[in-house]
Each structure stands twice: as structure tokens, then as C-alpha cells.
Amino acid sequence: MFVIVNGESHPVPEPPTLSALLVRLSPRSPFAVAHNEEFVPRGAYDACRISPGDRVDIVHPTAGG
Amino acid sequence: MRERETDDPLVLYGNRFSSRLLLGTARYESPRQLTDAIGVADPAMLTVSVRRQLSASKDSGQPFWDLLRETGRRILPNTAGCLSAREAVQTACMARELFQTNLIKLEVIGDEVSLQPDPFGLVEAANQLVRLGFQVLPYCTEDWVLCKRLMDAGCEVLMPWAAPIGTGQGPRNAPALRELRQRAPHIPLIIDAGIGLPSHACQVMEWGFDGVLLNTAVSRALDPVRMAGAFAQAVRAGRSALLGGPMTVQEMAVSSTPEIGRPFASDCPSQLPPPA
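Top line first, the protein sequences correspond to chains R and X.
Residue 5 in the numbering used here is what sits at position 5 of the first sequence, and the numbering runs on without skipping anything.
Residue 71 in the numbering used here is what sits at position 71 of the second sequence, and the numbering runs on without skipping anything.
Hints were generated in silico from the structure; no laboratory data involved.
Keep in mind the model is a prediction, meaning the values are calculated, not measured.
Using N, Cα and C, we set each Cβ at its ideal position, and we do this for glycine too.
Heads up, some of the hints might be wrong.
[Claimed, not checked] Distance ranges between label pairs, derived from CB positions:
1. X:Pro9 x R:Gly53: 50 to 58 Å
2. X:Thr6 x R:Arg24: 49 to 57 Å
3. X:Gln169 x R:Arg28: 36 to 44 Å
4. X:Gln250 x R:Pro30: 53 to 61 Å
5. R:Asp46 x X:Asp152: 36 to 44 Å
6. R:Asp46 x X:Trp144: 46 to 54 Å
7. X:Asp36 x R:Phe2: 40 to 48 Å
8. X:Trp144 x R:Glu14: 53 to 61 Å
9. R:Arg28 x X:Gly110: 28 to 36 Å
[Stated by the list, open to error] Footprint (simulated), chain X over chain R, 3 or more residues, beta carbon under 8 Å:
10. 24–32
11. 45–59
Only chain R is shown next, with the shape it has when bound in the complex:
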């Protein structure tokens, strides 16, 4: 029962929501999130249900051209 976060396996959180996953991982701010390659607005983390095998991307500001 794993979810793939930035390419690495993590246990599906309880309750199985994006919000619970982020509490457990506590990424450094600022960050933004996509669930199964779809952007999830900050206000929708609680409502976003996580299933085994789902993919989550957590991104941060970085240098770019």
C-alpha cells in the first residue's frame, strides 16, 4: 500500500488524503503539489483522496532560464 512521491515509495497515510501525506512528509515551504500529474490547489489538500499506486509530485522554486 504505497504512494509514489517524487519518484519514491511512501506508505499511504491514514486518513488517505493528500493533507495527511503532507503532514507526515512536512516538505519545506514554499511548495506546490500535483496528484497523478494534476495540480492540486492548496485549499483542496483535505479533499484529495490518495490511493495505492498514486503519484504525487511536490515542487519548489528553482533557478530557471
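Take the given structure of chain R and dock chain X to it, following the hints.
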């Protein structure tokens, strides 16, 4: 940072800038070097991106975020590396939430060797992003039909390449770029990618392009801070030359010094009156 007043502003989606240089933030040797280059280049905007957190990276996360905020510059996030319209749209949405701006430099790459923009993906993504309220600055080629489709999609700025990203070759297709300028006289056109030398930047500004976006030409120079200053001067020189109105090129030599009164000229009488 408060923009200086100028009588010749660069206007992008209603934002007025005194500078016509946009600067990328990648590939500098240190945060200090980037900060110094920004100070010297005085860019209108800084381009940035979003990536998964890499441990021990000096170019991302909180330190980079703090550096950006301290510069006070307006931020232009990109969708660098996206290979489809869908990826680009989702990346843009994440960037908008992170950087709190509707501006987005849209990149959809169609070829991973040349990093050439995907014209089909660009138009598809631009259509979606405009509907989502983004102000889209697409990185595109000089192809006129593509540029027309992007304008039809609602893009109010276009950013054609000079040459492939990071090559520093300078304008590879000068006639097509100049034709694009002529056919789209009112939309801001920023040359993005492929510039290597200040003379390239000056040249495209003389052709009437509205600005230049640089990264590698500065960050991979031997002395990036000095090169940032050189590009800032080149962009200003090119713009001034355009506004100054270049002379008409002549087929034959035309003496610039007056011929009348030349000494030792037997067939050219002196214009001075004879001595009394």
C-alpha cells in the same frame, strides 16, 4: 523594486518596465554571483522554474526563494522541460500558486536534442492557459503561422528563439525574424534563447525587437557579472539605435567632409573673399 520612470517603457501585459533585458537565474556558480549579475544587468524580470526538491542544491528551495524576494524583481516562471501541453499547463498552475503571478513563460519542447518548441503543443497549451487566466509568454520559433496562431489564442507577447537554447549562436534565421517583426508590428516580441554575445542582443534590438531574454550567455561567461553589464549596455544601445533612426545605406561612397574649400584643389575656387 520600484520601476524607474522612462519615456520608452517595455509594456508586457500592462506591466511597464524601464529595462528591456530579462535574465535567467540558472547555472551561476554561486547565489552571490547571481545577485551581483542581477544588480548589474538591472533586468525587467527574472525567469525561474519549479522542480522537485534536490538535497544540497544551492539553486532551489528556501535559500533561492529568499534570494528572489531580496532582489525585489518581478518573477517570470517557466514551464521548462515540459514535453506536452498537459504537462505545461499543470506545471504553470503549480508555478502560479508558488510565485503568485499569472505571468508564465510557456515552453513545450518538441525535440529533446534541439530543444525546439513543439508548435502544436504550444498552441494547445496557450489556448488552455489563457482560458485559465494566465498571461502567456510563449517560447516559440520565428514561424509566422505559429506566431499567428499563438496571437489568436490570446498571447499578447511572443518570444521567438534566435537559436536553440544554450547554444549562443546568435540569430540563425535573420530574414525570418525581421519579417516577423514587420508582420507583427504591434505585439511585443522578446528574443529568447540562442543569444551568445552582446552584439547579438544589440543587433536584434536594432531590428526592432522589444527585448531580449538571456541566461547562459551571462551565467556561463568567464566573468558573468561583467558580461551582465555588457548585455545591459548592448540592449540599451540597440534600442537607442532603433529610435535614433539608422541612415539609409548607399551604393556609392559619399564624402562626409565638405569638398568646398579643400586646399590645393585647382578646380575648386576658394569661398573666402580676396584680401583687401
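Hint-by-hint comparison with the structure:
The given range of 50 to 58 Å is respected by proline 9 of chain X and glycine 53 of chain R, whose C-beta atoms sit roughly 52 Å from each other. Checked against the given bound of 49 to 57 Å, the beta carbons of threonine 6 of chain X and arginine 24 of chain R, roughly 51 Å apart, stay inside it. For glutamine 169 of chain X and arginine 28 of chain R, the hinted distance range of 36 to 44 Å is satisfied, since their beta carbons lie about 39 Å from each other. Under the hint 53 to 61 Å, the C-beta atoms of glutamine 250 of chain X and proline 30 of chain R, about 59 Å apart, fit the expected range.
In this structure the hint that aspartate 46 of chain R and aspartate 152 of chain X lie 36 to 44 Å apart at CB holds, the actual value being about 40 Å. In this structure, aspartate 46 of chain R and tryptophan 144 of chain X meet the distance hint of 46 to 54 Å, their C-beta atoms being roughly 48 Å apart. At about 45 Å, the beta-carbon gap between aspartate 36 of chain X and phenylalanine 2 of chain R stays in the expected band of 40 to 48 Å. For the hinted restraint 53 to 61 Å between tryptophan 144 of chain X and glutamate 14 of chain R, the CB-CB distance of approximately 57 Å keeps it satisfied.
Evaluation of the 28 to 36 Å hint for arginine 28 of chain R and glycine 110 of chain X yields a pass: the beta carbon distance comes to about 34 Å. A stretch counts as covered by a chain when three or more of its residues have a beta carbon under 8 Å from one of that chain; for the region 24–32 of chain R and chain X the count is 6, and the coverage holds. Figure legend: the region 45–59 of chain R, annotated as covered by chain X; annotation consistent (3 residues with Cβ-Cβ distances under 8 Å, at least 3 required).
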